[in-house]
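Could you build all of it, start to finish, from the sequences and the hints given here?
Top to bottom, those sequences are chains E and B.
Under this note's numbering, the first residue of the first sequence is numbered 1, with each subsequent residue one higher.
Under this note's numbering, the first residue of the second sequence is numbered 1, with each subsequent residue one higher.
Since the hints were derived computationally from the structure, they do not count as laboratory data.
Mixed in with the good hints there might be a few duds.
Said to hold, decoys possible - Quick list of the computed label-pair ranges, beta carbon to beta carbon:
| hint | chain 1 | residue 1 | chain 2 | residue 2 | range |
| --- | --- | --- | --- | --- | --- |
| 1 | B | 201 | E | 633 | 48 to 54 Å |
| 2 | E | 360 | B | 191 | 14 to 20 Å |
| 3 | E | 1026 | B | 288 | 31 to 37 Å |
| 4 | B | 201 | E | 360 | 24 to 30 Å |
Said to hold, decoys possible - Derived lysine-lysine pairs resembling DSS-like cross-links, with alpha carbons at most 27 Å apart:
| hint | chain 1 | residue 1 | chain 2 | residue 2 |
| --- | --- | --- | --- | --- |
| 5 | B | 430 | E | 890 |
| 6 | B | 315 | E | 1005 |
| 7 | E | 472 | E | 489 |
Said to hold, decoys possible - Here's a subset of chain E near chain B, in silico, CB distances under 10 Å, partners left out:
| hint | residue |
| --- | --- |
| 8 | 325 |
| 9 | 326 |
| 10 | 327 |
| 11 | 464 |
| 12 | 565 |
| 13 | 701 |
| 14 | 889 |
| 15 | 890 |
| 16 | 892 |
| 17 | 894 |
| 18 | 896 |
| 19 | 902 |
| 20 | 903 |
| 21 | 931 |
| 22 | 975 |
| 23 | 997 |
C-beta atoms are modelled at their ideal positions from N, C-alpha and C, and glycine is treated no differently.
Given next are the chains, with one letter for each unit.
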Amino acid sequence: MKNHTKKGMATALLAVAGSAAWAQPGTFPRNGVYDQRPGTFAFTHATLYTDYQTKISDGTLLVRDGKVVATGPAASVKIPAGAVVQDVAGKFIYPGLVDVFTSYGVPDAPAAARSRRAGPQFESQKTGAYSWNQAVHPEVNAAELFKINNDQATAYRALGFGAVLTQPADGIMRGTATLVSLNTNRREQEVMLLERAAAGLSFDKGSSTQDYPGSLMGSIALLRQTYLDAQWNQRNPARERNLSLQALSQQKALPAIFQVNDKLSALRADKLGDEAGQQYIIKGRGDEYQRLDDLKKTGATFVVPLNFPEAYDVADVYDALRIPLEDLKHWELAPANAARLSQAGVPFVLTAADLKDKKKFLPNLRKAAQYGLSETAALRALTETPARLLRAQDRIGALKPGMEANFIVCSAHFLADDNVLLDNWVQGERYQLSTVPADYRGVYKFSLTSAEKILKNEFYIGADMSMLIQGKPEAPELKIVPTVGDTIKGSVAVTSELATIVFNFSDKQKGKGAKSAEVPKAPSSAPSPAEGSVRLSGFYTQEGRVFQGDGLLADGTPVKWRAVRQEEATRAARRDSAKVVPLPVLGNVIFPFAAYGRAALPSQQPTLIKNATVWTSEAAGKLEATDVLLENGKITRIGKNLALPKGGRSIDGTGKHLAPGIIDEHSHLAISGGVNEGTQAVTSEVRIGDVVDNEDVGIYRDLAGGVVAAQLLHGSANPIGGQSALVKLRWGATPEDMKIVGAPGFIKFALGENVKQSNWGELNVLRFPQTRMGTEQVFVDAFTRAREYEQEWKAWNKLSKGKQKAAEAPRHDLELEALVEILNKQRFITCHSYVQSEINMLMGVADRMGFQVNTFTHILEGYKVADKMKAHGANASTFSDWWAYKNEVKDAIPYNAAIMTRAGLNVAINSDDAEMSRRLNQEAAKTVKYGGLSEEEALRLVTINPAKMLHLDAHMGSIKEGKDADVVLWSENPLSIYAHPEYTFVDGREMFSLTADAALRADIKQERQRLVQAMLAARKGGAPTQAAPGKAQGLWHCDTLGQEKEAAQ
Amino acid sequence: MRFLIAAASLFATGAALAQVPMPAPAQAKPVLITGATLHVGNGTVVPNAALAFDKGRLTYAGPAAGFTQDKSSFETIDATGQQLYPGLILPNTTLGLTEIEAIRATVDEEEVGTRNPNVRALIAYNTDSDILPTVRTNGVLLAQPTPRGGLLAGQSSVVQLDAWNWQDAVVRADDGQHLTWPAMVFRNNPNEDASALDKRQKAREEQLRDLEQLFGEANAYRQLPAGRKENLRLSSLAGIFDGSKTLYLHADYGKEIIEAVRFARRLGVQKLAVVGARDAWMALDFLKQNDVSVVVSRIHALPRRDADDYDQPYKLPAQLQAAGVRFCLDYQGDQETAGSRNLAFIAGTAVNFGLTKEQALTAVTLTTAQIMGIDKDYGSLETGKSATFVLSKGDLLDMRTNAVTRAFIDGRSISLESKQTYLEKKFRGKYGL
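Set out below in structure tokens:
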């Protein structure tokens, strides 16, 4: 140990010894004379809140030895001898606040240290008997890392906090957090209230340098598997002494706080918790109001930050257009979040987390109150609820006998505009927050009077002057408005006892000179009362908000002065508080919370489309002048002259074409946090279904292109990728509700250049496979393991209960279970593929291992092996005319789809592209040009054929009575470049139409304009602004790695 | 049996077909095309037209009734029921510069460094690219291979797509310089703080100062007498100040367009066009008032901002047309080289969203030729101009009907075969289809 460190320690010890330590000495020796004090304090005549809702008007609080001894009305609490009595009449006492989401006194999470230039890292760098994954460290015990930190504690205490839960915010399984008080006079051993108070989790791997997980879905899969592993480990401890899994099992009973970065991930976390048998407490982003009803259903308690965005710089017409509508709206609505949670009955606690400047906590809390959060609800969310969540309600969060003496003394009601936090008592020790007796800023009626009559008529004497005190309570700024003339500046200083004011009437002459003539010229012989400084001394009385005292004018004339605060004028002048008392008028929450969102899903009103050319994609072919009726989400009738049911509406389809909605077999839209978990060769455990993003504007744009459903696919970065989600484009529904009920499971496989990382740069040459040769072995190995796994479980399941007890249970392996599902035809493969050799290889492996490749996607050399695909029973989903973008597509030809169709395959045209997916009808049409398919055949390539290959054709993909009402009314022959959808129906709901689109455009314009004006007004009012953010417009492609989208064109 | 014979005959000719077809020889005798509907390219449509050409030049283009020459001296093509269009012109393309995007060895589109005005795309233009024949068959007969990247990427040239080598192919050498206007600084990442933004802003200002300096010096340099010490950069920029070369300003954002044009004009650039221009709708009046030509980049694109109209890219041509701005259409973007065969359908989409068919055709023929300065010879089918055109069974702008039956460049009847048609035949043969 170096010398200066020793010295530092010595100083710290002295500091502790030197404080007013009344506490028992505990196990610690002392240097010098012991200083144990009785530590008994009585606070009398307080407005005392013993908890968030229980008020005692003339209350007494008695504390001793760091604990509450008694609370009650003055009459009922007997003050013992030896108590230090403080009369706090007019003041308010509340239980100390509790923050459940801090990193107080624990090391900051280190930034991920690995450079992007490094090659892959397959294994954890944390050596020892721990989890294989570096981001999973439930064994980390924050209590062991905790060190009292004076600066951080001071900052939290200034906000009124007395106890916090703390943990390094790092990793996916973060370990246990510890509950500590913010007392800094004692030692760690004494301030730690609960050593392991909660477990911490997130989807963010934080400082882990390990590749896996490289996506949000990977994080979810890792959590899911880790819970299973912990169970298995607990059952079979001999197999692996795994300290991480042991720790996880041990903390299962603790409250678990899950940090997410938005409302969608809140839903994801809760769903994961349901699987794992855990009800998480969810630390959100403050956007919970955007999905209030769905979040309420989770049953979770939310930890809500008060991090309100600053207004954006919207001065420039065009730059302002770059700001996404949801950001503009969030600026307006974020302060209402807590109020809405409260009104909806969603349990929540408030946290100072996420605030870059912690000092904004109280102003923002007051702002939340202006937006409807009651003081009671706010107090509850900062005291009772957090204490209860941490099962520490018998120690903190209220003031009851035996509890920690954590409380704050306020000059006014907690959320009152002019409340000043005076003292924060933590474990019975006082931390003075303010020497200012109260927030005395405001507009005062100011009078100077003198007994000497001579002055009576002077302009600066009288009762009708004004005094303004602005700035911060600690650093006030003074202005005097005299009876005549301009406002002048002065100085004011107020301490708990005394006030001093200095100003100079002649100062105004230096400012605006307009009224200087009115200032009387003083005789040169004697100092004029009008020139030179006026000095006033006195004191401030909180009751009545009055300054008063004596002073001297510049010429020595004694004066009396008095300033009485004008409450109404004060409120009006406040810059840091809303000028309006009533609730601000706020914009609607729309679903999704993005441009083109709506207040509600469109209805399933019965709809009769009359007299259209109907492309059925069925044997019936194309029907001229036909009516189609949509009711309750289904196509109920097809025919001529159909009657319109009651309550229905009809659409004239004359000259127009009604076609089945387009189904995109290969889409990467609507996915959060990465499309590839390509960090391992086999990642069948990851699920796109875990990360559906219902707010991707691509959904709406696809609807405008006639698309009604899509397979959301994992990327092609590894041979066995993740599981797909089959969704309908129910724009505005939750991610779960977008999924097609009853749809079979699908999974992405991939071959070729992407999986062998041919185009990934020179650093990516380590992950197996690097050749097509190795790719085959990945499949053979994976399915061999899957077979063995299945056998292992079958054998286990055959055992009697008794034998099972004695035997070692197999481990649940979600990766292999997905493959077993394939073997059992419960899950189907969509395989990214290009050249014939690899296509034949996979079919060969499939035949040998006993599974089938449901679909080859891309399959640009399918035309070379169509006969073999037919024999295998594979479907083909291809591009119309893409080629030459990499070596393996140099033989791709636009005749591919037609040749495969003619060879007897079920063929689809897909997009794999958020732009092309809007024009899939055109891509299908190209097969008429290239290869001579009929127009009806061409349209099937994007309707019934993909429905068949996705096993959805029983209820989707064609216009047939009884099928889902997923139809598009085209302006023209749908295969023409001149055709565009006029209506797109999903489940009979008008999800897009030209008229509805026009209305939405108008809404967006109007809402934008309103918000821009509001921001300009806020800026004018002095609110800080930030540069306009552009939404990084990005897209997922098959080969996008990591969690950042690729820049769009 | 039939299948076997077919396969055998295919393989016999396979070796030749697998190559890029031989360029067509010069026109040997006058040709007359009759019966087609003639789309002149300037907005005029002539039903039942006659088109006559000799030695590569049109000697007649108009109504059949008005054709009075002796038909017997012509080789006559009866194109009754077909549509006749000027060969489409593909501006601002990597065609011939890039073969396979993912293979670096086949990519010659972007030189290292940011100021390469002396670099010339023409000499890298590969007439043997397998991609070229697949583009011609959809109606594109001329192109402007254009270097990418940097600030000053280098010079483009205009070529025709049926040639032995680049010298053969050239229609207009080194027609323009390409300046990628430095993007305005915005906060693209919500975590980016003010100081980072400021740093980027300063870097941009520095870049613009440098550019201004370079232009100023180049303009002065060209006035130096002969015998000056040669500076390749400065001398290559002379053309944009003496009017012999067009400065193509690549900019998308409305304010960038205005800024770039004003900058160039202020520094004495004579001829300019804005390329990209995806937000040109923000600057319509400016473009019109300043007589700025626009090369609109591929409109099969996503709107640039979430809240933009879903059809904003599609309707941009109609907005420019309505505002009276001169514009043409290109195919720049993802997979542009191989995808450029879809140029006609870009025009088709512009029709779907507001243009007339003939306006859209003009935007891929005559206006393009005007902007490139080759309209004396190309871009429309009028007497005296080059016989560069295609015949299609149906509407060329709609993939549903686009079916090119013949194509002529400078009167030469070019092959419509390609590696892809070869592979189609080969594998149709395999299955006896």
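Hint check:
1. B/201 x E/633: 48 to 54 Å: holds (53 Å)
2. E/360 x B/191: 14 to 20 Å: Cβ of residue 360 of chain E to Cβ of residue 191 of chain B: about 18 Å, so the range 14 to 20 Å holds.
3. E/1026 x B/288: 31 to 37 Å: Between residue 1026 of chain E and residue 288 of chain B, where Cβ atoms are some 35 Å apart, the hint holds.
4. B/201 x E/360: 24 to 30 Å: holds (27 Å)
5. B/430 x E/890: holds (20 Å)
6. B/315 x E/1005: holds (18 Å)
7. E/472 x E/489: holds (16 Å)
8. 325: holds (5 Å)
9. 326: The hint holds - residue 326 of chain E has a Cβ within 10 Å of chain B, the shortest such distance being about 8 Å.
10. 327: Nearest chain B Cβ about 9 Å off; hint holds.
11. 464: Result: violated, 46 Å to nearest chain B Cβ.
12. 565: violated (38 Å)
13. 701: Result: holds, 5 Å to nearest chain B Cβ.
14. 889: holds (8 Å)
15. 890: It holds, given that the least Cβ distance between residue 890 of chain E and chain B is near 6 Å, below 10 Å.
16. 892: holds (8 Å)
17. 894: Constraint on residue 894 of chain E satisfied, holds at 7 Å.
18. 896: holds (9 Å)
19. 902: Status holds, d = 5 Å.
20. 903: holds (5 Å)
21. 931: Hint holds; residue 931 of chain E Cβ to chain B Cβ min 7 Å, cut 10 Å.
22. 975: OK, holds: residue 975 of chain E within 10 Å of chain B, min 5 Å.
23. 997: Hint on residue 997 of chain E: holds, closest Cβ of chain B at ~7 Å, below 10 Å.
Consistency note: the structure conflicts with the earlier hints numbered 11, 12.
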